[in-house]
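As they're listed, the protein sequences go chains A, B and C. Position one of the first sequence corresponds to residue 340 (this note's numbering), numbered consecutively onward. Position one of the second sequence corresponds to residue 12 (this note's numbering), numbered consecutively onward. Position one of the third sequence corresponds to residue 17 (this note's numbering), numbered consecutively onward.
Accuracy of the hints is not assured; some may be wrong.
To be verified - Subject to a maximum C-alpha distance of 27 Å in a straight line, what follows is the list of computed BS3-like cross-link-like pairs (lysine-lysine):
#, chain 1, residue 1, chain 2, residue 2
1, C, K148, A, K368
2, A, K505, A, K640
3, C, K27, A, K368
4, A, K517, A, K532
Hint data in this document are derived by calculation from the structure and do not stem from the laboratory. Computed from a prediction, not measured in an experiment: that's the story for all the values here.
The chain contents come next:
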Amino acid sequence: MTDLAKNLHTEHMVINMGPSHPVTHGTVKFLVTLDGETIVDFYVEIGYLHRGFEKMCENSTWEQVFPYTDRLNYLSPIINNVGYALAVEKLIGIDTPERCKYIRVITSELSRMADHYTNIAASALELGALTAFLYFVEARELVWDLLESFCGARLTSNYIRIGGLKNDLPDGFKEDTKEVFKRCRELWVDVDKLLTKNRIFLDRMRDIGIMPPDEAIAWGFTGPCLRASGVPYDVRKAQPYLVYDKMNFEIPIGETGDNFDRYLVRMEELNQSMRIVEQALEELPSGPINVDIPEYRWQSKDDIYTKIESLIFHFKTVTGGIRVPPGEVYFPVEGANGELGFYLVSDGNGKPYKCRVRPPCFPLTAAMPRMVKGALIADIVPTFDMVHMIGGECDR
Amino acid sequence: MEEGGTGMGIINSQQSAVGSLQSGEEQILGSSVLLTKLDAIVGWGRKYSFFLYPFVTACCGMEFMSLAGPRYDLDRFGAALPRFSPRQADLLFVVGTISHKQAPILVKVYNQMTEPKWVFSFGVCATSGGFYDNYATVQGIDTLIPVDVYVPGCPPRPEMVIDGLLKLQQKVAKEKWSDWPRGEAPVTKNK
Amino acid sequence: MTAMESITLKKLKEKFPDSIVDTHSFRGDETATVKKEKIIEICKFLRDDNELLYNFMMDLTAVDYYGREPRFEVVYHFYSLKYNRRVRLKVPVPESDCTVDSIISVWIGADWFEREAYDLYGIIFNGHPNLKRILLYEGFEGHPLRKDYPVRGRQPLIGPKN
Numbered sequence: 340m341t342d343l344a345k346n347l348h349t350e351h352m353v354i355n356m357g358p359s360h361p362v363t364h365g366t367v368k369f370l371v372t373l374d375g376e377t378i379v380d381f382y383v384e385i386g387y388l389h390r391g392f393e394k395m396c397e398n399s400t401w402e403q404v405f406p407y408t409d410r411l412n413y414l415s416p417i418i419n420n421v422g423y424a425l426a427v428e429k430l431i432g433i434d435t436p437e438r439c440k441y442i443r444v445i446t447s448e449l450s451r452m453a454d455h456y457t458n459i460a461a462s463a464l465e466l467g468a469l470t471a472f473l474y475f476v477e478a479r480e481l482v483w484d485l486l487e488s489f490c491g492a493r494l495t496s497n498y499i500r501i502g503g504l505k506n507d508l509p510d511g512f513k514e515d516t517k518e519v520f521k522r523c524r525e526l527w528v529d530v531d532k533l534l535t536k537n538r539i540f541l542d543r544m545r546d547i548g549i550m551p552p553d554e555a556i557a558w559g560f561t562g563p564c565l566r567a568s569g570v571p572y573d574v575r576k577a578q579p580y581l582v583y584d585k586m587n588f589e590i591p592i593g594e595t596g597d598n599f600d601r602y603l604v605r606m607e608e609l610n611q612s613m614r615i616v617e618q619a620l621e622e623l624p625s626g627p628i629n630v631d632i633p634e635y636r637w638q639s640k641d642d643i644y645t646k647i648e649s650l651i652f653h654f655k656t657v658t659g660g661i662r663v664p665p666g667e668v669y670f671p672v673e674g675a676n677g678e679l680g681f682y683l684v685s686d687g688n689g690k691p692y693k694c695r696v697r698p699p700c701f702p703l704t705a706a707m708p709r710m711v712k713g714a715l716i717a718d719i720v721p722t723f724d725m726v727h728m729i730g731g732e733c734d735r
Numbered sequence: 012m013e014e015g016g017t018g019m020g021i022i023n024s025q026q027s028a029v030g031s032l033q034s035g036e037e038q039i040l041g042s043s044v045l046l047t048k049l050d051a052i053v054g055w056g057r058k059y060s061f062f063l064y065p066f067v068t069a070c071c072g073m074e075f076m077s078l079a080g081p082r083y084d085l086d087r088f089g090a091a092l093p094r095f096s097p098r099q100a101d102l103l104f105v106v107g108t109i110s111h112k113q114a115p116i117l118v119k120v121y122n123q124m125t126e127p128k129w130v131f132s133f134g135v136c137a138t139s140g141g142f143y144d145n146y147a148t149v150q151g152i153d154t155l156i157p158v159d160v161y162v163p164g165c166p167p168r169p170e171m172v173i174d175g176l177l178k179l180q181q182k183v184a185k186e187k188w189s190d191w192p193r194g195e196a197p198v199t200k201n202k
Numbered sequence: 017m018t019a020m021e022s023i024t025l026k027k028l029k030e031k032f033p034d035s036i037v038d039t040h041s042f043r044g045d046e047t048a049t050v051k052k053e054k055i056i057e058i059c060k061f062l063r064d065d066n067e068l069l070y071n072f073m074m075d076l077t078a079v080d081y082y083g084r085e086p087r088f089e090v091v092y093h094f095y096s097l098k099y100n101r102r103v104r105l106k107v108p109v110p111e112s113d114c115t116v117d118s119i120i121s122v123w124i125g126a127d128w129f130e131r132e133a134y135d136l137y138g139i140i141f142n143g144h145p146n147l148k149r150i151l152l153y154e155g156f157e158g159h160p161l162r163k164d165y166p167v168r169g170r171q172p173l174i175g176p177k178n
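Let's have the full structure, built from the sequences with the hints guiding it.
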């Protein structure tokens with residue numbers, strides 16, 4: 340019998356988990372070399388959603404870049420908008436009013452919640468837990484209703500402007516949010532009961548895709564995956580921007596760096612985000628939402644139709660773009676997936692000379708082979724889900 | 012014969028379609044027998060049982076997830092079950108931007124699908140390239156494969172997609188037997 | 017305040033006096049422009065020195081200054097977790113000798129970032145194990161993010177050119 344086993348000729352099989360695959364949400368190709376069911380070699384190929392974000396930004400004015408930033412991480416579009424606006428404001432050297440900062444924090448955290456809901460829903464769906472998917476898609480719909488009430492669109496919000504916002508929050512927003520959060524907390528408890536102590540979920544996620552902290556830092560991990568490995572790095576705490584230094588919230592840190600810890604970190608971040616939004620809504624000051632410099636943020640329509648300077652600046656900024664002083668700047672924001680950094684180079688014209696996004700899921704996807712080699716082919720699914728690669732962000 | 016519903020009525024292939032019910036025969040046959048055209052009954056069956064192939068690439072995929080979710084439910088229209096094998100699917104939902112790197116894969120999937128098959132272009136990036144008028148994006152999938160319904164929007168609201176699906180159902184109900192087979196995607200014939 | 021913040025630039029100037037071309041601080045961002053010859057040693061120094069400890073390589077990209085010589089600049093962003101500091105390193109790369117050493121031996125995460133800079137700008141990274149295109153398809157001609165590549169340049173794999 341052992342002679343037979345020695346003389347059996349086996350070959351490694353190369354399987355293509357191609358760009359159109361139910362599990363690879365976000366188009367990515369995996370070339371998996373298998374020995375039976377064990378992964379021997381793993382090659383990741385991205386770029387199937389390269390839409391030329393940087394090139395389009397170089398050909399648009401500074402304000403026209405906002406719709407392109409929406410579609411980077413399309414699950415949390417406001418965070419992308421905020422990151423870009425903060426980077427431009429840093430380059431110009433202006434500061435927005437307090438109310439604008441609070442509203443930016445509120446809307447960013449709502450976006451982050453939508454992102455985490457979608458991630459956990461999609462992971463649960465791909466592991467077979469369809470009910471958790473339905474519950475969290477309902478929770479996401481409720482959050483999207485809130486987003487729609489102030490910016491008009493569910494997904495691609497285009498809400499933040501350089502030096503302010505598009506419009507103020509609608510009346511009754513605080514009460515609506517309270518209702519929505521009540522329901523969201525109920526759904527969170529339901530999904531927690533369904534998944535966190537579920538034997539099958541634990542078996543699929545525990546001890547899979549482990550990434551020790553030093554290697555995680557060497558690969559460039561940031562965000563929930565890094566925090567699940569035990570490294571306490573969150574841009575909101577390390578280098579606070581907007582009003583995060585006044586908010587009272589905690590950062591969940593994992594221990595082992597496996598997929599289950601990443602799931603737990605995201606679930607806990609949902610609760611923390613709700614906490615931040617509630618605090619910010621309590622402390623929301625009144626006042627203007629746009630900075631009062633007509634060269635960068637045009638005035639209200641009353642002023643434009645009555646005062647000549649407002650009209651002139653409105654005309655110049657819309658047709659030629661705002662004039663940003665030359666220089667370069669890098670501004671990091673805590674995206675839902677990690678550190679979302681914007682590196683802008685300006686040459687003094689109305690269009691960005693270079694608008695670079697540091698995508699948080701780019702190094703995470705690059706480290707997929709490291710996390711998955713030696714495991715079974717079924718372990719690709721929870722690892723890739725928890726890495727949460729979003730095609731729009733990774734390929735830009 | 013008038014359409015609508017199942018197309019009940021009497022067909023006499025020797026005569027030309029008169030367009031009027033001969034009430035005598037109707038009374039004789041009663042209410043337990045259904046007479047219709049083969050095209051109509053097959054179209055009726057096909058339109059209420061689409062098997063989707065969601066070729067999801069980008070942001071519109073999130074609206075597709077909402078469509079499959081509990082609030083805007085695709086299951087009510089019979090189009091609930093996604094089939095991730097092209098051999099088993101008949102409705103290709105092209106959701107999101109198609110880049111030039113992705114285009115051969117889309118055409119291959121389309122060619123692998125068995126007929127009859129329909130293509131639903133979901134979102135403005137699939138319809139015409141969206142606002143990505145650059146070196147990397149296909150300016151509309153109808154340059155590659157024949158499309159049946161275009162639903163613009165960035166992303167389209169789920170109600171719009173359901174409207175598009177209903178229009179596709181009307182189109183499928185009117186199809187004739189001679190429409191199929193159509194053959195490969197036209198772009199592959201230009202080699 | 018200024019003494020603490022420019023400790024990185026001070027130490028860099030001490031250790032590599034002839035590699036530093038320029039240093040400045042704009043809007044709170046510290047930047048050092050260095051020559052490309054000793055980039056690997058500079059990166060190792062930034063990562064390992066006890067007072068600097070820049071253990072995160074956050075970003076690696078390139079900028080095309082069309083019409084200026086040297087034409088390209090490879091830009092690195094580093095972050096130190098312990099000291100909560102950031103620094104930017106810029107390496108000018110001329111068009112005639114469009115190569116720079118790869119820092120993949122210092123941070124393995126630089127792998128894909130360098131492939132992307134090669135893909136979109138055409139800068140060759142010496143010592144990179146797998147320098148292939150990453151965002152565009154294999155047979156794509158040209159490097160689209162260069163300033164002389166048109167936005168609407170069509171290069172379809174299949175299908176009509178429009």
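(message) What's the verdict on K27 (chain C) and K368 (chain A), does the C-alpha distance respect the 27 Å limit or exceed it?
(response) 44 Å, violated
(request) Take a quick look at whether K148 (chain C) and K368 (chain A) sit within 27 Å of each other, Cα to Cα. (result) 15 Å, holds
(request) Starting from K505 (chain A), check that the Cα of K640 (chain A) is at most 27 Å away, please. (result) 12 Å, holds
(message) Run the distance test for K517 (chain A) versus K532 (chain A): straight-line Cα separation, threshold 27 Å.
(response) Between K517 (chain A) and K532 (chain A) the Cα gap is close to 23 Å, so the pair holds against 27 Å.
In terms of the numbered hints stated before, the structure departs from hint 3 and from no other.
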